[in-house]
Structure formats: C-alpha cells, structure tokens
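Each chain, written out:
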Amino acid sequence: MRTPLSYSTALALMWRIFNGLRSSGFPLYFGTRLSSAPFTKCSLRGPEQVHSFRTSSRDTFSFKMAEASLKELVSLEKYLGLKKTNKYSTQGERKVPVLQTKDGQNIVGLVTIACHLVKAAKQEQLLGRTREESAVVQQWLEYRIVQLGAPGAKEEGRSTLRDLNGYLEDKVYFGGDFLSLADILMYYGLHSYMVDLTVQDREKFVNVSRWFSHIQQLPNVQQHLPRVHIMKNRIYTNVH
Amino acid sequence: MRLYVSEGNPQCLKVLAAYELSGAQCEVEVVSHEECIVPFLGHSKLPALLLDNGNFLFSSNVICRYYLTSGGDEASTAVDQWLEWETLDLQPVALHALRLAVLQDKKSEALESLQPSLSYIERSLQKTGKTFLTSDEPSAADVVLWGTLYPLLAEPILLTAVDFKALTAWFQRVGSFPACKKASDGTFKGHGLQSLKSYLQRQPTNSTQATRATTNDPTVDDGDERLLTDEEIQAAVQAWSKGLAACPKPRQIVHPILPQQGERNVLITSALPYVNNVPHLGNIIGCVLSADVFARFCRLRNWNTLFVCGTDEYGTATETKAMEEGLTPQEICDKYNAIHSQIYRWFGTSFDYFGRTTTEKQTEIAQDIFWRLLKRGFLLEDTVEQLHCQRCAKFLADRFVEGICPFCSYPEARGDQCDKCGKLINAVELKNPQCKVCKETPAVRTSKHLFLDLPKLEGRLEEWLETTLEKGNWTPNARFITRSWIRDGLKPRCITRDLKWGTPVPLEEFANKVFYVWFDAPIGYLSITANYTDQWEKWWKNPDKVQLYNFMAKDNVPFHSVVFPCSLLGAEDNYTLVNHLIATEYLNYEDGKFSKSRGVGVFGDMAKDTGIPADIWRFYLLFIRPEGQDSAFCWSDLLLKNNSELLNNLGNFVNRAGMFVSKFFEGRVPTMELNQEDQRLLALTTWELRQYLQLLEKVRIRDALRCILNISRHGNQYIQLNEPWKRLKGSDTDRSRAATVTGVAINMACLLSVMLQPYMPTVSATIQEQLQAPPLCNVLTEEFVCVLPAGHKIGTISPLFQKLEVEQVEALRQRFGGQKPDKAAEKQEATTTTTILQDVQELAKAVAQQGDKVRQLKALGTEKAVVNSEVARLLELKKALQEAQGKPPVQKEKKK
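Going line by line, the protein sequences match chains B and Y.
Residue numbers for the first sequence follow our numbering, beginning at 1 and rising by one.
Residue numbers for the second sequence follow our numbering, beginning at 1 and rising by one.
Note that these hints are calculated values from the structure, not bench results.
Small disclaimer: the values here were computed from a predicted structure and weren't measured.
Any given hint might turn out to be false.
[As the list claims (entries may be wrong)] With a Cα cut of at most 25 angstroms, we get these calculated DMTMM-like pairs of lysine to aspartate or glutamate:
#1 Lys593(Y) / Glu156(B)
#2 Lys171(B) / Asp630(Y)
#3 Lys423(Y) / Asp170(B)
#4 Lys119(B) / Glu137(Y)
Looking at chain Y on its own, in the form it has when it is part of the complex:
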C-alpha cells in the first residue's frame, strides 16, 4: 500500500488525518502537484492510494472511507450520505472560498459563501444531538468534513466570526485528535493558508474538476486569467529593470568537463542505441532527444553538465546482421555507428561525447567489475542445455535454430518462438532442429554459464532504492516497473553467452564466451566516458557530488534500476548510481507501430529527406513526447502543430515584434515606460518562466514546452490589444505607448529565444541573430530581465517558419505509410510469418478492402479531403493490380 500526497494540497489533509487515525501502515510519498500517479488518468489527481491489489483510489473521500472502515464493516448509510454531500456540495463551495481567501485576500466573502453549508451542518448536529456527525463515535464523515473545513475555520479570526455553537464544538473535538493535529501541522507547516497558494493557483477557476487535455490535443488551458499578487508584479518589474549586467554570465565550457567542488554536477546518459538498425522516431524521442533537451537546459542553468551517449555494438543481433549483409561484425558496427552519429548530428543533439561500446576501455572496465563481483562471491556457476552445431563449431543462439514446433508441428519454428502457433519454445525442445546457417543437425550439449546472484544483492538494492526513489526524480512508470520487478522476486541472471562478438569473459574455462549484452551494455556509459577523459572516475566513482540522470524508453527500466545497480553495488567500488531515471512510454506511428520490415514509419535517416527542417521535427516529437502515456506520431497533426503553434503563434509573435522595431523605430529598440498592463504582463511572463524551469527540472519536457507557447500567446494578445501600428499615427502618448509595447514585445521574443534553445537550437540561434541578442543572455534565471535596452540595434528580420501544405504532408504520409494492416492482420502477423503483399490475389483483396472503406467513409459523410485521399489510394491500388495482372514482366509489387 502506498499513499501519494502533494504539499499544500487541502485534499491531502483529511487523508493524512484518516491515515493517522486508522493506525494503518503504509508508505507515504510526497510528490509534486502535477505528478500523474494514477496511470489511467490523463491528468494528475492527488491524493492517491495504491492498494495492495494494484488498484488505485484517487479521491480523498474514498481513501478516508477505506482507512476508516476496517475489518469489513461497511460504512453506514448515514456516513455514505455525508460523504456524498461533502463531495458534491461542500467541496466546490470550499474550494471557491479558499480561492477567495488565499488568492484574493477576501476572507469575509469567503466565509459568507460558506454560510449555507455551515448552517446545514449546525442544524444536523443540533437535531441528532450526537457527539459526532453520525453517532457518538467518530467516523470517516467527521474526518472528511473536518479536513475540508479546517483551512477555512482554523484561523482564529475566521472561527470567531462564525456563530455556530454545535459546529464549533464538533470542529474542535475532531481537531483535538492527535491524528488530526499531526496531519494539519504537516500540511501547513506553520505557514497557514499561504501554503495552499501554489496548489490553488493550479486549479481551474470555472469548474470544480481539474481536467486537462492529453496526448496530442491542442492546449486549451490558460485562457483564464492567472491571479497575480501585487508583490509578484512588483518583483517582476524590479527584475526587469536590473539589466543584463547584473545577471550571471554563461558558463565557459572547457573540455574535458569534470565535476567541480561546490557546484551542481549533472551527468546525463541517453540509453545506448543498438547498432544493428537505423533508429526510428520513437527511439530518437525516447532517449537521445529527451536527454538532449535536458542537457541543453542544464547548461543554460549554468550547471556543470556532461552528456554522453554512444552505440551499443556487441551481441547476437550484430552477428546476425553481419551475416545478412556479408560483412564482419566490426564492419557492421563501423557502418552503423557512422549512420547513427550522422542522424543525431542532423537532429542537433549536443553530446559532449558520442562513443561506442567496442573499445579497449569497455573490456577493461567490464572485466574489472566482473572480477570484483567474482571475488566478492556475487557470481554463481550453473550449466544450461543448449544446441551446439558441430560444423559451425559453436553454440547456437535461439534465432539460429529452426525445427518442427513441438506444439503444432509447424516445420519452420524458430528457436525461441513458433510463428504459427505463437507459443514460446525452448530451443532444445524443437523436433528435428537445424542450424540455420549450415543446415546441420545440432546436438544438445551442456554449457557452463555465470549468473549474477541478484537475490544476494537484493537487500542492498532495496536500501539504495528506498533513499534514491525518495529523493530522485523517477518517472512514475520507472517507479512502477522497478517495484513490480522487486515484488515478483529477483532471480539469478545469466551474464554470459556462447558468442564471439562481445566482451570476453576473462576466465580460462569460459574461453569462447562473452558477457551478455545486459551485463555489458550499461558499462558502456562508463567506458564511453573513459574514452572521453582519463579522469572518468571523477564522474563515475563520485556519488556524493554527481547527480546521474538516465534517459530511456520504458522497456529498458529494469536493467537500469535493478540489474545494473546490483552489478555496481556488488562491485563495491563507490560507483555513482542513477539518481534520476526518466523513462518514456512508446511512440506509435499513425495508428500502428513503427516497423522496419514493413516499411512503416519514419526512420532517422529519412527525416532529412522530407525537406522538413530538423528543428521542426524536434519540436513536434517533443510536443508529443510520450510522457506519462503512449502517444502517436501523426502527419496531419504535425501539419497542424507546425501551422498553428509554430507559424501562427510563436513565429508570428517573434516576427511581428521584430518587424515593428525595424519598420517603425529604424531597427532600434524604443524607450519603454511601463504602465500597469505591461507590469502585469511581465509578472505573467515571469510566472510562466518559473513554471518552465520547475517543469524542466523535473524533466517534464513536454509540459515545459507549453509554457513557451503560452508566453508567445500572451505576447500576441498583448500586441493585438495595444495595436502599436495604429497608435504610431496618434498623439504623443499614443506613440510612446506604441514604443513601450514594441520594446516589451521584442524583449519577450529574446527571452523566448533562450527558453526555446533546448527544444529548437537552430531556431533559437536564428532569432538571436535577427535580434542581435548579446550572447551573454543565454542563461536561464528565475527572472525576466530586459536584455535589449532602449537603443539596442537589431538585425534583419525574416520569417522563422514555413507553412506546411496538406498535399505535401499527404504525399509524405503516403510515402512512409507502408501497408496499413488492420488489427486482425496485425495479430496474424505477430504469429505467422511476415506477410508481404506480392501477388495478384492479395492485391485484388486490397483493392476490395480499400473500396469498402471508401464507400463506408462516404456513407458516413466523412470530410472530403479524407475521402479523396482514400480514393487516390484506391486508384493506385487498382493500377497496381492491373499491372500485376498484365503480361509484361510482373514487377514484384511491394507495399508503398
């Protein structure tokens, strides 16, 4: 059982009180307000309780009720009734009242709005004459109502203003329980109502439920007015006038970057991409791009940052690929390493070093860790039955064996799985097994292997995890996957393989064996750093001074959170272990998965050929980053985001601000005299900036991007409202107003260029060049400072983004679409061999299917553009069919 609460959340008060009162034992974790703990909810909902059966409770009343109805006795109807009343009537009123009291300092109004509810409680208490709401014993109802009212009634001023005797007595009675005292002290920490401020500011004003658009939907929030206090506005104005000179200077980067005493030392790794294939967009957003944004952000924050990555090159898959392409494994690695680094360079990733795992250092460090584990007794030896091919003189990896399926007698079952029946197979159980390479019948032989004794290391692992999970920034999925791995019990894991292409095991009896890729690959982070600098140990054996961030897709989590930490803990060499584990969910392509074999999806090397600039790709991929839930790459959505968010919002704002300066003020920033509206805008921008910093610090990359777009949206509104182009022709005051608006806008554009840098480095540089912004402005602080003072000369302004046209994108969609499989076919594909559309029959079927689809679309009155594109596909298919039926040399019709 685990209870999630957030600080200064009034809903958490009653839950904590109920928890204390029940005497239950469970872990309590404090998370931020935005944290999405409940996996199926598209927005954050706190408090939340994870039950032992894996279910979540996500509303405070239900959690209280759960804590306080122990041992099977159901809550009475009276309790039910109070809870329902509290949920639907009291909560919205109380939230509104809190808002009035905390954000607008209207305490008497707040209390007034509460009156009807309070008198309802008063009368009920008088009528029953009981000590508590439902009986003479306290129940969930008492704790829940007390918790909701506490923030409003606890301050003495408020309480005396209320003339409700029975209510006051009841309120104090409940409040005097030690459990309630403890909960309220913990929630308010002596700061009173102000501690609720940040929570309340995040709540939408018009409705009582917090809901937010998820996945790819356009942002809808923030149309409402943010409530700003006078102090906030004053502080923003002061910061603004400070000028660039008073700001910290950007850090000079000198290689090799090493941890510095007394500084924030950030080590960032991105999961090592496997070398046997070209990465697709999902791979790119999952690790490399996400890590890059964070690394760039850290540098802008002036933190001492090292960002390393490289290709993971050892293993069976490389050997297979080498055989396919008729090259040696080393040649394959060289080839793909070059492809990978080229792709990442094109995407503008800012690795401090991009290495590879097939190096001397890898062998050295991996073997060192191995020896240390062996000496400390953390390795076990065991024998495994495996197929051995005599002619090839080697043990066969599962995918190198074929035979008859022991379940369904399918003749071409692979060593790990049967394509026909889909059952998992143990290679030695295959009937008539054959070596895939030489067709020889392999023999079953036993082979000795080494296992990492995870059960023996479990204690240390859990101890480390407990503190790390508490302090560190782990995405919910990373926490969840890690916990479920440990909950299911750790078993010894094999760390050796009968292969040639790998780091050799340095024991004589294990000659011809290498380390299994999951023991070996994470060591790549260390060896790659070692290839970057001889002083790599300053990063990797320095847990007190270094904060390590690992970026990856969720399938890699257990190896980074359980297996690799166990290796390092067992090696007992003061290694730096991961502090923050950032895992993404999966990115789908349109409605399906990326598939190299079916040619579905955009792969790293093709992105360049689309003619769409790298920064647009970066923007869109980060905008739909699968943060918290799976998302999908979708061409029409890319078009929409480019044209609406980039072109019409961001690009439009920066361009307008620049054009006003160059057209109306001869390219010099005009003098600014801030009035109240401008000051408010400064405060608003500062608020968004801080939000952005907070979110990025928690590696909420996708959410932080929204803050940038919000600022430019505010900017656009500001220009639209003040119409500087009209005022220029007006009176003196009008002209000075136009000058101020232009000056503020151009400075906002400059701030945006800095904030944008982690996401779109090239666009950021272009803006700064156009504005002739001083390079010294490239530091992010919590303040919005005027860096382009009056008189500053800007450069030539030109549009930043290009419109994407429907036809252009549709053509790309067609090109990368592959054959869209329907769900049934996809399932089949998983179990049977890959079907390739290649003969007339199948083409005919495809034509028929497409025809049906077009008819259906038409019947449903779908948009014309959609129908037309489907019709176009139908015609194409028909043409292909005719060609295939025709006599001339039948071209093998592959999927487009």
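For reference, chain B alone in the conformation it holds in the complex:
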C-alpha cells in the first residue's frame, strides 16, 4: 500500500520550503555560459550531419530542444562542480546533444552524457547506491527523454503530470528517499511545464509541485532557469 509522507518528513519539507521562500522570492535569470563556450565541428560516424550549436536554424522545435538540452548539460556540470572543459554540439535531425571528450571520443545522447558527467565528477551516488536504486533512477531518466522530450509531449502534459503526481504521492525524490540525477533532469524537463501551469493546476498536481519546489531550493540546481513560484497555502480548496 502507498503511505503518504510521514508527518515529520512533511514538516521538514515545509520548513525547507518556507526558508527558501523567505530567502529568495524573486525570479533568477542566469545568462547562459554557452555563448562563451567554444564549439568545434567534429566529424562523426553516420549519415547525419553534424551541426554546431550556433549554426542551427533557430525556428524549429528540435532547435529549441537542443538549446534546452545543452543548457541543461551545462547547468548539470555546474551543479556537479566540474571544470568547464567540455565541448558540446548536436547531431542529426533531432539535434541530439553530443559531447566531445578530451581524448576525442564522442558521447551521444542527453542521458548518456549526463550519466557520464556524474561519473566524471565522482558523484556516483546520484545514480543510485544499489542495483534496485540504480534501475529506478534509469527508469526516470528514460521517462524524462521519452515522455518530456518528444514533439507533442506538451499536449499530453496533463496526463504526464497526473501520472507523476500519483508517483510522487509518497516520495520525496524520484528515487524515493535519495536525491539522484533523475531529480535534476526531471526538474529541468518539467520546468517549462510548471511555468505554464496556472496556480490552480499547481495545486491540483500538489505532489509534483511539492517535489519541484523542493528541488529548486537545492543549492546550485536552479542555474539557468527562472524560479517557479509555488504557493504554500492552498487557495482552491473547493474547486474541482
């Protein structure tokens, strides 16, 4: 059976949220580091053409996705405390992010790169401490790219949020009781959804909001994204 969050956990959570609200109730807009990062074109296997980040056409969906996922990776680097030595570009129609490592190898794919960065930063605990935990983290990383990354994903946003809301009902983090890479990437992925939600909907998906608010309080996670204000008190208590 699912058990709701214990009283003490919830209390601890509320306290954190409260503190966070007190200290920073304003939206933050971080400039992107991408503009100063050097990009080199690199040759790749495969028929897909390689685009460097800045030369892509700007109006397509995939471009926006690419931009978002590259910013996301840069933010993750920053969160992990990595030195800025990584070069990114994108590849193919879908603008899949590509990381060129120091030894000239290419690592392709958002989740693959993110996992690589975590390992490079020696923060493997973010990938789960046991085999089970690691599987659960991987599950939500995949969910992130399949469910939140695909074209048209936004239209299905409400059912996605409903599912996530159900899942998070009795959890503090996506992995359960520990912070993982899944939380960080889900946070980046869900940010635009949360921005679009009305105050009423943020209340409706209360567990997602609680989790989201918690993650954005964590030091160094928020980075390039503006803060989403989540009300502490419910105001739509009798609206369906």
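Could you slot chain Y onto chain B? The hints should help.
Only chain Y this time, still in chain B's reference frame:
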C-alpha cells in the same frame, strides 16, 4: 520480484530474453494488454517489473538493463548510449515498420523505413570490429536491439533482403543464445508476425507513446481510423446477413437457478452493505452497481448466472445505532434492510435474491464452519484484557468507553482513539474510564476469546492463491493488497466478540459471546443463498463447476482474499472459493469525501429526490467508476456527460435513426444494399462489440462503456456523412442509398439497446419498445446481426434523454454540498471532535473566507458562471450571519 508481460507484445520479447539470459529468479505473469499494472500510470504500460523494494520499472530497456547489470557493476557509457539511441530513434521507427508489415501487409516498405537505422548499426559494428555491439561480451545493448529488430528481421524473406553482413552475423549470433530462442518461441508461438496484431492495433498511430485520458476526462481516442483487414470486413458482412433466426435464443430463467452440467455457471456476490446507515453513491458503485452490470452482462451472454446480495446486520455498530434511535437491534435491521432494498430497487439492480444475515441459516452455517475449524485444530484460545461495566453487565466495545487520554490528558478520549491528539489508544489504558451508557467506572477483566489460526493455514492459502491468481481475474489492487498482507505475515485473528447482537458461539464457556463480524459476514453469502434455495450447496460446494465473482471496494479485499478463504479451506468441506475478485478504488464527492455526519454527498435515498432518472445515475456512476484509480463524483461533470455523451451522442443517434424510419419510410425498415462504406462500418461496429465483450469479461466495466459510445459516435458520423434526408429527394440511386443508411443505422441502434442493457436497463427497454425489437435479440454474441430486417415495423419514436440545465445542477450541488471544508479544517476534523458551524463567530469567519475566495477568483479571471455561484454563496452566508446576529429566536444555523 515479479515480471508482467502481455502476449504478442514485441516489447516483451527483449525483456524475456534478458530475464532468461540473466538466470534471475522471478515470477512471470502474463496479463492482457490493457491491464494497468503500474499503479501510478494512468494507462497500461507493459512489460513492467515489480522490484523487491516495491518500485516498478515500466520500460523494456530499463528492465533489460536491470537484469543484465548484476552485482553492482554499472553499465558502461557505450551501453547507455546504445540504449538511449534505441529508445529514441530505433523504437519509433521499428513500431512504424511493424505496423506497415503486420497491419497493412507492406513488408518491403517496412524494411525500407528501417534502412537508415540498420546501416547505422552495420557501420558501428564494422568500425569497432567487436563480436557484439560494445565489446566481445554480450550486454544489455545487444539483447535490446536484437529484441526490437527480431520481429522485422527474423522471417527469412526479410533477412535475405537486407545486405548487411556484420549486422546479419551479429543478429544471428545473439539470436542463437538459448535464452533468446526461448523468448522468441514464447512470444510468437509459431504464428509469426500475426501474433503481434492485436497489440499493434491498440497502439495509437500518430504518436509513439501510448497515452490515454484518465479519470473523468472525456474520451479523446478513436478519432483515428481503425485498420480493418478484408477478411474482417467479409466476416462482418456474412454475420450481418445471417438474421436473427440463426442466433442463439435468450436463456429462460427458472428459479431456483442452479449450476448446470456442461455450462458456464457464474455466481456473483456483491459485498454485503452494512445495515447501520444509508449507502452513499460510493458504496453503490463500489459493489452493488458494478456487480449488477456484470450479472446482467453474464445473462446476456447466456451464462447460467446467480447474483445474490443482502444486508450485513450483526455487530457493535448496529447495537450503537439501535441505542441512538431507541429501537432494538432487530428493529433497526428491519428498518434499514427495507431502506437498502428500496434504494437498490430504485437503481434497478437485478439481484436474483436480496437477503440478510440475521437468519437461522446464518447461525446454522456459521456454526457448522466453526465446528469444523475447531475439530481440525484451526482455532486457538487466548485471553484478552477488556473493560467490563458492572451495571450494564457487559464488556464494553471500544466506542462505548470514554476517559482521559493517557497521552495528552484530553478528558473525552474514546476507547479506540483520542480525538484531540489523534493517537490510537488501547481502551484499558484510558485514565478514569467511564461507560458511555451508564457513566459507571468499568473494571479491567480478562475475557477469553477464540482466534483463527491463520499462520497454520498459510501454506494452503498460498497454494490456492497461486493457482487462483494465475487463472482468475483479479483487479491489480486486489492482487496487491493480498500480496502485501501475506508478505507482512499472517497472525491469528480474533473471531469472537463480547456482544449480544451476533451469531452465538456454540460453546458453553463462550456463552454471551458472538462471532466477530468479519468471520460472520462473508458466511452471509452462503446463508443468503441458502435462504434462496435449499440446494445452495450446489453453488457453494462445487468449486469445479462454479466460477465465483466477488465485487467490493478495496478496503474489503483482505477479508475476501485471505481471512474468509482461510476459514473455508480450514473447514475442509469442498467449498467454492473466490475465483475472481473485483475491487474498486474510492469514489470521492466533488473534492472531498462523502460524509453522512457533515451532510456532504449524495446518499442512495436522496438520488431519487433529485428528479434525475435512475439510469442517468447508473450511467454517470459507471462512467466514472473508480477502476484502477480513485475518481470523483462531480455535479458539473454529471451535467457535461449527460448532455454530451447521452443527449448529443447516444440519444441523438438512436433518435435520428428511428425518426428517419418513421418519417421517411412510414415506420418500416427499408431495403438495404450494402456498399463498401457500409461494410466497413459493420466491421468497425463488430470490432467495438468484440472489444466490449472482452472488456466486460474482464470486468472492465468503465472501459466497456466507452465501446458503446464509440459505436454511436461512428453511427452519428455515418449519418452525417451520408445525409439520408437530402438524398431522399435525389435520384433513384440516392434514394436507395438513403434507405440503406437508415436501415443500417436502425440496426445499430438495436444493437446498442442490447449492449446498453447492463448499464441502463430502463433506457434499453425504452429503445427496444420504440423499435419494436424482438425480445429474442437480447443475447450478446461476437457478431453484429441484422435483427430488424427490411419491412420490420417500428413503434413511436420519442427522445430518450433530457438536457440537464446548469441552474438545476447548481441547485443540486448547493443542496448536497454540505460545508466544504478546506484541507486544514478537514485534517483537524479527523483529530478533534466534529466541528459544526453553529455560532456567529464561525459564521463570520465563513463569510470572510468566502469573500476572500470570491476576490481571488475574480482576480484570476475565473469563468463568470463559477464566480457568480460563489458570490451567491457569499450572499447566502451573509444573510445567515445577519439572521444569527439578530435578536429574534436564533435558529441554529446548520450547514446547507
């Protein structure tokens, strides 16, 4: 650990291969494609793996990865990369290709669409020169890619068409693992690609992810074209022309209904409603109504069906209620039994027998089971400390004691829980306990009780459960609750109570004791059947020939899946045990819970007073049936569903079809000459009909209702597209076209009336009367047959449904709304005494709150109608406040 797969699901292939390859041990359960295994996902997602820590993995790649990265060594970046590529690039392409190959028989196109992906793999393999994708050892990446490609590459024709040497070698290398062979044989069972058909038909065409609206949202699916093969269309046309004469006749029901040799004998029980209160809508949908739909469906399928229910009447709560109302327990039972049967009659439930538990037979059967358990050593004796009141000369049930809370010193704590601090209390720990009835101080006394030795029966229970869960149709929540009960370990359970109102324990030293309601109540199913027929044992001691379905809300599951089966297994009398356990989740009211004490929600006896017909209630409750997840009753949604689904969709279609016949063809069904479009429609309708039958057979009541609405939606489109009213004025061919369309439509309406019968029996009968449909058509088969042939005379057509108006529903919402508590207040309410809004202060507060709310709504630019209704409430509250402040006799202001 438990792995859930579905048959003919290509995603399951790699998972099964990975499972075999890893040598892991876990249970594998085959479920249907629609089964929602993962509790938090609003749609079905298979395969799924339940981990030992209770978490679910629900994507094939993650499960493969889990199986194949044993002992903590994380998958390498190369494996990660392949898996990510497979998820985002290969899977959508492969699904599209499979669709082309299987559903449209375009194999070469399918292969072509796969080319870029295949050459990508080929080049990677050539470049690395390794035996497998990432190294010389197989990894999760190999199994995953092999699994996705297998259905497309395995057939020799396809493979030779591909000129990829490294890929072919790799593909055969992976395929030659015994694990992969076993998995592919198991998935395709020699039927090749065709075994994937039913899975692929269910996948949405435009997107790669299967998502479906959940809870109360309107149906959005099925706008897309269903792919029908020529054979399906031909078969549908043939069935259509068969005529009613060739169809099976409806079964004659002769009481008493008894199991028949060689037939499908279905015994249906609905959880026995407790007699101390009027049932609310949640109770009604949870058991009685759901069971009724299924029972009616079984009868339409010509299965030999018995549906029994009754009121559960023994126990403390009845005694308490009797004391409250100043009646004897028996009088209370008589009173409420009558209320209950009246309510269910109004809702049109088709019990074959509605009984009660306070009967001779109950005593007889309960004591028989008790003796058998006792003789076989399955009962234990133990003493329990309890409070005893001398003046009342009885042991006090927890709710009959009050005292000072041992934790927070609250003076009016109850025997089971303190209202102030909310802690659970053991009644003997109360300070200064008082008998609630006579205020005497009770003394602690020990009392002897009997316990059912569940641990001793655990082995038999698990053996039985294993086969039953495998074969039976248990809802996921029922499986889950049962498993977690057994996992937590079974303890002996007390089966006796110090009460008077119950089945007496037939032992001298236990005089003055009765059986505990949870030992006693399920026996009610047996005793109620025994009151229906003397030959009740033919149903209840006949496990080989009878299929038993239990319907209930999820809180009742453990008693039906663990405790009661243990009693019956221990009694060793060849009892019929539950085969299919159907449990619903909870139904909420608007945004909160139903609450009798706060007057929130609609209760069975009030439904009638709303002026809304019983069938509309049935429809809406079944439409939002909490199947798979909690749902909510919502007035505005009721209005929406009535006006959109019933009035505009179903009612409109049936009415139009009927009106065309009576207006344009003098009330006689015209001659029909089917063209391709009509044939397609027949096949489409047949497809929906079969879907409906399959879903109802699995007791997916809410989903099956969608099929009915889909058929009438197709019908409406068909009429709209062909415009018979215009063609009537046209050429001969146009007129014959109009005739055909009308004829097909009226027959669809007739089919709908039969399919609708389990859900809306009165409406179904009304349609059949209007169409003068032959009573013989009331059988459901897998075929859509023309039962109203050309020349058939129909009756008078009139509208089936009435529009619900916003004001009308808003008034009802106000009437049944109670005081909407906000969340904080609700929490308080659970822990402190029930707060009743009754003085000026609280009214003033309510006015202030409501004012704030209105301001907020306005500020957010909420819809005008919503704002207005809230303003109306504000005004009402203000008026009440003024009244309360005024000098004249202050009326106690209860919540509206």
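- CA of Lys119(B) to CA of Glu137(Y), is that 25 angstroms or under? holds (23 angstroms)
- Message: What's the verdict on Lys423(Y) and Asp170(B), does the C-alpha distance respect the 25 angstroms limit or exceed it?
- Response: holds (21 angstroms)
- 25 angstroms limit on alpha-carbon distance, applied to hinted pair Lys593(Y) and Glu156(B): Answer violated: Lys593(Y) to Glu156(B) is near 29 angstroms, above 25 angstroms.
- When you check the alpha-carbon spacing of Lys171(B) and Asp630(Y), does it fall within 25 angstroms? With Cα atoms ~19 angstroms apart, Lys171(B) and Asp630(Y) stay inside 25 angstroms; holds.
When the structure is compared with the earlier hints, a violation turns up for hint 1 alone.
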